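Chemist: Sequences listed follow chains W and U, in order. Take the first sequence: its position 392, counting from 1, is numbered 392 in UniProt numbering, and each next residue is one higher. Take the second sequence: its position 198, counting from 1, is numbered 198 in UniProt numbering, and each next residue is one higher.
Calculated directly from the structure, the hints in this document are not laboratory data. For clarity, every value in this text was computed on a predicted model and none was experimentally measured. Relax, there's no trap hidden among the hints.
The list treats identical chains as one, so a pair stands whether inside a single copy or across any two.
With a straight-line cut-off of 25 Å between C-alpha atoms, the simulated DSS-like cross-links for lysine-lysine are:
#1 K27 - K639
#2 K353 - K531
#3 K27 - K353
Number of protein chains: 2
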Amino acid sequence: MSLDPTRLAPMANAIRALSMDAVQAAKSGHPGMPMGMADVAAVLWSKYLKFDPTAPDWADRDRFVLSAGHGSMLLYSLLHLSGYDRPTMDDIANFRQLGSPCAGHPENFLLDGVESTTGPLGQGLAMAVGMAIAERHLNAEFGDDLVDHRTWVVAGDGCLMEGINHEAIGIAGHLKLGRMIVLWDDNAITIDGSTDLSTSEDIRARYDATGWHTVTCDGHDPEDIQRAIDEALADERPSLVACRTVIGKGAPNKEGSSAVHGAPLGPEEVAAAREELGWNAPAFEVPEDVLSDWRATGERGRAVHAEWGTRLEASERKAEFVRRMAGDLPAGDKAQQAFAEWLGQDHTVATRKASEMALEVLVPLLPEMVGGSADLTGSNNTKTKAMQALTADDYSGRYLYYGIREFGMAAAMNGMALHGGVIPYGGTFLIFSDYCRNAVRLSALQQVRAIYVFTHDSIGLGEDGPTHQPVEQVMSLRLIPNLNVFRPADVIETAECWQLALAQKGTPSVLALSRQNLPQLRHDGDMLSAKGAYRLRAASGERKVVLIATGSEVEVACATAEALEADGIGTDVVSMPCMELFAEQDESYRNDLLPADALKVSIEAGSTLGWERYTGTDGLQIGLDRFGASAPAGDLFAKFGFTAEAIVPQIKARLGR
Amino acid sequence: MSLDPTRLAPMANAIRALSMDAVQAAKSGHPGMPMGMADVAAVLWSKYLKFDPTAPDWADRDRFVLSAGHGSMLLYSLLHLSGYDRPTMDDIANFRQLGSPCAGHPENFLLDGVESTTGPLGQGLAMAVGMAIAERHLNAEFGDDLVDHRTWVVAGDGCLMEGINHEAIGIAGHLKLGRMIVLWDDNAITIDGSTDLSTSEDIRARYDATGWHTVTCDGHDPEDIQRAIDEALADERPSLVACRTVIGKGAPNKEGSSAVHGAPLGPEEVAAAREELGWNAPAFEVPEDVLSDWRATGERGRAVHAEWGTRLEASERKAEFVRRMAGDLPAGDKAQQAFAEWLGQDHTVATRKASEMALEVLVPLLPEMVGGSADLTGSNNTKTKAMQALTADDYSGRYLYYGIREFGMAAAMNGMALHGGVIPYGGTFLIFSDYCRNAVRLSALQQVRAIYVFTHDSIGLGEDGPTHQPVEQVMSLRLIPNLNVFRPADVIETAECWQLALAQKGTPSVLALSRQNLPQLRHDGDMLSAKGAYRLRAASGERKVVLIATGSEVEVACATAEALEADGIGTDVVSMPCMELFAEQDESYRNDLLPADALKVSIEAGSTLGWERYTGTDGLQIGLDRFGASAPAGDLFAKFGFTAEAIVPQIKARLGR
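With the rest of the complex left out, here is chain W (with noise of 0.2 Å):
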């Protein structure tokens, strides 16, 4: 459809309309963000954005990430004018209540056509960096006829203030992602009043120092809005475009102010924008020539879906793109057959070197696999051989130098991994996990397969010292819902736990691994990690004790076990890898594996606080509640106890021998 302001304007005011009232109605939410940008997104919507609302897992079709996703009145007014399944106009009139797919901030697994769960501040534009990785990446890989489409970002001045906002930045500046650009709904707001009193930033020269093209537009003025847009689709660099508008733009006497930002109008000034705006249409009723000229948007990208379906048709990589667009690992498994030969052998190795020598095996295998570090690729061991970077002169690359920018990678693999076609991995210090803490939270809430590979995962990292050595950090990654925190204790746990986290579809992974060496200690067993626990060793007489270890602190429970075992205490060794997989096994088999009879031992090398769930409070728990220190890793595993000689005469006190 051709921009036709008299027209837009209603548009626009359908969504202002629609983001009041379902405020109002729900007496919560962020009226402010939805006016402000109405006549932006209506632009968007109208002339560029590549979308089929009856298809909307479409693979190329444009991405379109609410990065300020407070507004998500905004989205949900776009998806429903446009002529998505849903929300329906009940499920917008419920807005906030329980059962709508209308939360407080928009959720990727709620609703078809939200690309990503937003509202943590700045993490919906991160994200699409990823998004816009993945598509130049599979552009390569499948060619203009497959794969060629944009990634919008609507970011707030909030998104543009968070730290995130500068690692994010970096990297699509570097990477030069020209089809990436964020239209900032700059009105000089935030929640505490006017930005002056927070920032005195020229936001526009920072973004230029950072590699981006700049342009500013009057955000309520569609021909200037179609002006900047079409600068920044000239420009080959990711653009920002600062789209100035008012905050509430529409409700005559709260507009402008930061009173809009989160608070419903309250019925009289809804009344009174009513007016202002000329909206005569009661609350959630749109009229229907406006209804029409929004349903026409969706008409454009529906011709474009069907010509790409053409192409796809006659492609003769079609199978391997829907494959990869669906999340499908290929058929048959080599992986498993070189793994299998491992057993045989004796690799005395550190499990991230393990990691490193499953990701050779893998990687080729999986040509979706794209992996990257926060600039310890030699510490993090995430860089095969054969693997080449994705840069900005070959998208072509497997591996990405994401810089020291955590959280911005974080989000980019989350990105990446909802653009979907990629399996992102990405790895970085364990202790700097809290870095990037909230990204992690955000691919299990988004159900994406992200794997973080957290290295230098205990004191046993040695003389780095506290600030780099974890202590809480596997214990409350495991308090967060479906993530699965893998903590192998040689190199055929690790190419286990690999295996087992790409054949999770719908839940991220943690890899939390060792810096130093640690023995094979299996020699037999298939995919013994799949239950979250097995019994590694089993006592040779009466049982009298069962110690349940995980990651480097398996050797040490071994070494106990022998130790009480020569003093005639008959002892299991439990190798728990991953306690959420462990969770799930049936009752019979966890009784089996931690029988009430005997005492149980928890050996982990961090917080001890959680073990009391296998060992009950009867049993010992062997752990560090305190910060570690500086010194090579023996002395420190001798100091704070990690060893035969310090836990064995602790349980014999227990059993009273």
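Using the hints provided, position chain U relative to the given structure of chain W.
Modeler: Relative to the frame of chain W, chain U by itself:
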């Protein structure tokens, strides 16, 4: 001392020699940065830095923060050479060994002169912003005579790439912290290789855009370094001095490459560097003339310190200044009296509101309290009516509008607390503790009194939905060593928890506070929260059940107890506002509260993992191990089973009734 380049070169080489020798002896560490920045450090120490090695805690000393903490040998060298008691040469020779205060990364609690623990990149610079804020604030209160110093930072490329850098310099630029100078080790090398691998940013332009003064110098030319620093000192804005350096300068075959960043040079290269530098002294020896020049750098400050001491003695504000810098609270406890009156009243308020009420009492009594919020002032209830903003125009204000910068805020709070004279508190939503988690960890590791006001502490926040609803946050914060996590149940406990947080000089605190209203449950008792947990309500007959709850779920526990008692099941309610303080109580208190012969049930709207410590595995853990949903709070509490109706049957079933 005057700047004599011919004498500065050996001084810088002393740093290089100590650094490469210590790393070589430890067989681990980072020689590249100390060798690269040795010339800059020698100029700074000789000509600019105000310090007195005999009085490391002199309140008006310049603060020097090594944000690139991996280059710790730079700092240890400087402290030793300039005449601090520690580190001794033995300490340095034992770099990174158990018991040496020369840890892998600098630890403020191990050595005087180490102003902050650094290593987690970006945070040193961000803490320095807090120090510079504290300096200007105290200057506004105590005048130039007592407070008039600078904050210097050495930062690397990593510090500048991290997202927190954006937040920190945004705060500093906005507040025009002109007495802060960042010496950027601009060596164009990161661990993975050249910075070209991951960034294309024009860093000076970005700093310019953020309100900073910037200047470049040759980091190996003392006169050019001096020119740049002099320019920085003359400018009113905070300054970034880009020091063009060669990483590992002096190691002839390895300098300028990432190989020299984080590994020993090796004996041959150490020998080659000795030759290159003309450094003939054996390892861990410094020629007398060089040492003498270094010791002279400490002399300058001694005289300045003495003059300052005279001014302090003459000051009317001496007692108050000394008290505040010592971190002692004012004598007398007037707050207690005000809070005692609340027992006789009845306040049904959200605990975030109760916190505001407590602040209205405390803030006037404690002039050292400096509050703020990351753009959620009205939601966190962190600002009292009388508080004025701390701004570039008026540093005497006691309230900071941090902007949407959670991580930057938390790090600045650490810096303020480390500076001394100020007790910082700051607010955001509890969910965004994820954004600043590593700074909270550094509060704990550094043993500072930073107080985090984390509101909207559960699904009880309602409509904003799962992105904003904490589930795992409370328990995961409890895992951080030396951090008190308070979750008060009502207005009385909130006041108590504030007092407990303020009383802990060496332990930071989190206050997890509700968005929703909660009834006042306590009408008697004095500071019962001090024991971490206490019996709020005793069973009327024989005790069968003990309910343990925190925060908003204590109300639910009381209703549950009432229903159970009505059925003749004797039930205690234990309120546990602080698990950490409870763990410190003696066994008899703990056993009395949580006796072995009762069914123990925890009720907390968050992760259950961990509660087995207090309920036993045969108890019940009522919690939430999934993400929340978007709906009004009441609907969510019902949906997720946090009602007496949902809990009573589970308890009866467990009791076999």
